[in-house]
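*Asks:* This is what each chain is made of:
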Amino acid sequence: MSSTALSGFRPAATASQSMRRIARRQRYLSKALAGVLSVVVLIWTILPLYNIVMVSLEDNNDVFSDKLLPSVPSLDGYRVVFTEGYWYLEDFWHQFGNSIYVGAATTFLTLAIASAASFSISRMRIRHGWMLSNVALLTYVIPQSFLAIPFYRIMQSYGLTNNLWSVIAAMVTFATPYAMFIFQQYGRSIPTELDESARIDGASPMQIYVRIYLPLMAPALVAVSTYALLLAWNEYLYQFLMLSDKRSMTVPVALAAFLNSDEAPWNYMMATAIVYAVLPIAIYYMVRGRMTAGLTVGGVKG
Amino acid sequence: MPDGASAIGTVQVLPRRRFVSVEAQRRHFWRGHLQGSEYAWALAFCVPYIAVFMIFVAYPVGFGIWMGSKPTLYAALFSDPIYLETVINTALFLGIAINVKLFLALLLSGFFMRKGWWSKALLMVFVLPWAVPSLPTYISIHWMLNGEWGLINNLGWHLFGITGPDWLTDRWTALGSVMVSHVWKWLPFWTVILLAGRMAIPSEIYEAAKVDGATGLRMFVHVSFPLLANLYLICTLLSTIFSLGDFNSVYFVSGGGPADSTHVLATLGIRYAFDLAQPRLGVAAVISALPLLIPLVTILMRKFRTSQVQL
Chain A
6 MSSTALSGFR
16 PAATASQSMR
26 RIARRQRYLS
36 KALAGVLSVV
46 VLIWTILPLY
56 NIVMVSLEDN
66 NDVFSDKLLP
76 SVPSLDGYRV
86 VFTEGYWYLE
96 DFWHQFGNSI
106 YVGAATTFLT
116 LAIASAASFS
126 ISRMRIRHGW
136 MLSNVALLTY
146 VIPQSFLAIP
156 FYRIMQSYGL
166 TNNLWSVIAA
176 MVTFATPYAM
186 FIFQQYGRSI
196 PTELDESARI
206 DGASPMQIYV
216 RIYLPLMAPA
226 LVAVSTYALL
236 LAWNEYLYQF
246 LMLSDKRSMT
256 VPVALAAFLN
266 SDEAPWNYMM
276 ATAIVYAVLP
286 IAIYYMVRGR
296 MTAGLTVGGV
306 KG
Chain B
3 MPDGASAIGT
13 VQVLPRRRFV
23 SVEAQRRHFW
33 RGHLQGSEYA
43 WALAFCVPYI
53 AVFMIFVAYP
63 VGFGIWMGSK
73 PTLYAALFSD
83 PIYLETVINT
93 ALFLGIAINV
103 KLFLALLLSG
113 FFMRKGWWSK
123 ALLMVFVLPW
133 AVPSLPTYIS
143 IHWMLNGEWG
153 LINNLGWHLF
163 GITGPDWLTD
173 RWTALGSVMV
183 SHVWKWLPFW
193 TVILLAGRMA
203 IPSEIYEAAK
213 VDGATGLRMF
223 VHVSFPLLAN
233 LYLICTLLST
243 IFSLGDFNSV
253 YFVSGGGPAD
263 STHVLATLGI
273 RYAFDLAQPR
283 LGVAAVISAL
293 PLLIPLVTIL
303 MRKFRTSQVQ
313 L
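Those protein sequences? They're chains A and B, same order as listed.
The end of the first sequence is residue 307 by our numbering, with every number in the run present.
The end of the second sequence is residue 313 by our numbering, with every number in the run present.
Read the hints as simulated data drawn from the structure, not as lab findings.
Each hint can be trusted.
Cross-link-like lysine-lysine pairs, in silico, DSBU-like; alpha carbons within 35 Å at most:
#	chain 1	residue 1	chain 2	residue 2
1	B	Lys122	B	Lys305
2	B	Lys212	A	Lys36
3	B	Lys212	B	Lys305
4	A	Lys36	B	Lys122
5	B	Lys212	B	Lys122
6	B	Lys117	B	Lys305
7	B	Lys117	B	Lys212
8	A	Lys36	B	Lys117
None of these values were measured; they are calculated from a predicted model.
Make a model of the complete structure from these sequences and hints.
*Replies:* As structure tokens, this is what we get:
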């Protein structure tokens with residue numbers, strides 16, 4: 006009240022000056038606020054990751070201490086992981102290979118099955134194809150973990166536990182719906198006239214699929230294969246349920262098995278975790294530029 | 003003239019339709035416009051997906067419903083105090099964590115709209131929790147929360163001289179830790195989605211609002227939010243459904259402890275089935291989430307169909 010009353014009596018020049026000062030102060034304030042927010046976001050994001058890196062660099066004694074930094078950073082944890090020098094890690098590279106195998110098979114099958122179905126639905130426009138799309142969408146929104154128990158029982162009755170293909174089947178099942186969603190959305194940008202003219206020239210549907218559809222869908226194929234690979238690589242529950250044998254385990258199952266041991270070698274475990282996480286991080290940052298908003302949703306399911 | 007042309011068209015078409023046999027009609031119903039071998043091809047392209055769906059979705063779903071069809075299971079379920087605690091935990095988890103997460107994502111997406119290299123660089127770092135697999139980070143958080151040797155209490159001690167509580171030995175701090183971990187992991191993802199939504203808003207709208215004198219909060223309430231509301235709603239629904247099945251955050255951060263007091267339905271089902279060897283009870287626990295899941299999925303499917311939201 007009093008300040009506005011006062012400023013009313015001031016000459017015009019000083020009033021505009023003070024206005025400018027207020028504006029400047031506001032800009033300054035918002036900048037400071039943004040700075041504070043940045044720092045908060047940075048600390049919030051980094052802290053758990055810092056913890057992984059720090060623990061992985063500690064030696065056995067430092068783990069059970071109140072230190073914020075390893076007293077002497079050592080790469081011993083990584084050496085142990087790479088040389089399989091601890092009894093929990095004795096099959097590490099074999100398990101790493103299993104993870105890669107599951108990821109590669111899931112990616113390939115997802116691409117093949119989903120692109121063929123999308124081709125049939127959206128390019129050949131098979132009758133009742135929309136029902137298939139809806140069924141796929143419905144599958145996409147079912148939480149994976151809700152199907153785990155019956156899925157496990159079925160795999161058990163087929164004698165497929167401890168078989169990587171049971172995991173691959175589960176991963177393909179959960180990756181194809183999203184893949185079809187993306188393929189159909191992306192496919193709308195490709196004119197159907199291309200298919201029509203190829204058909205008039207006498208191309209069979211198979212030829213159209215291989216020579217026209219797949220090459221034009223390349224960006225979507227890249228996005229979906231990234232998604233499928235990361236899904237298979239990061240998934241835990243199904244792999245844990247299906248794979249209990251040491252030789253058939255994948256890396257996440259082996260990593261979690263550490264937690265059950267009495268003497269938890271946290272530094273080895275975190276070193277394993279970093280070796281495991283490098284691939285998805287690298288892939289993520291490689292394809293980030295290509296992942297438009299539309300292609301990002303797939304990361305949802307953890 | 004156009005009238006005449008169309009009249010000729012119908013005159014020509016009508017008699018021909020009369021001779022279409024029942025068999026051909028049926029074929030038309032099943033095959034649509036596809037002819038001859040093309041229909042076989044189209045079917046062949048679909049068959050792998052139909053097979054996957056039948057064997058690995060429809061069959062397990064049916065099997066699960068059969069496993070959980072006995073009413074006595076539900077009597078056993080509702081008389082288990084752990085189940086009742088679990089229902090409360092699940093409701094709190096969905097009610098609090100999802101909304102906090104999405105509201106923060108909405109605000110942060112506005113923050114990341116700022117221009118300049120700094121906000122771009124910060125975004126690159128900010129998406130790390132999403133890029134890193136969930137397992138290592140949840141295990142890391144589990145260790146951070148250790149009362150004696152964890153990073154959180156160490157920091158509290160070194161920086162402020164506070165002795166923090168043992169986070170995971172009390173139900174409410176443990177549940178809170180699980181929620182915070184969940185928010186930490188998934189906040190970047192939803193921020194990126196909402197950021198994409200904001201970027202899709204034409205800048206002319208903002209400029210027009212600015213000319214009309216809107217700033218800051220008013221701009222957000224009257225311009226940004228109404229345009230983002232639909233996307234925000236879809237994100238909330240999707241996130242609720244996915245979080246209902248979130249197994250990893252609870253399983254690795256609190257492990258359902260202390261004394262099985264922080265389970266959610268997803269982890270309790272697995273516990274019944276594999277730790278207690280009662281798979282039917284586990285399936286029943288999961289099925290008891292359907293009264294929430296089915297309406298959510300129905301609304302979401304309708305939203306997907308009616309709105310042109312590109313996810």
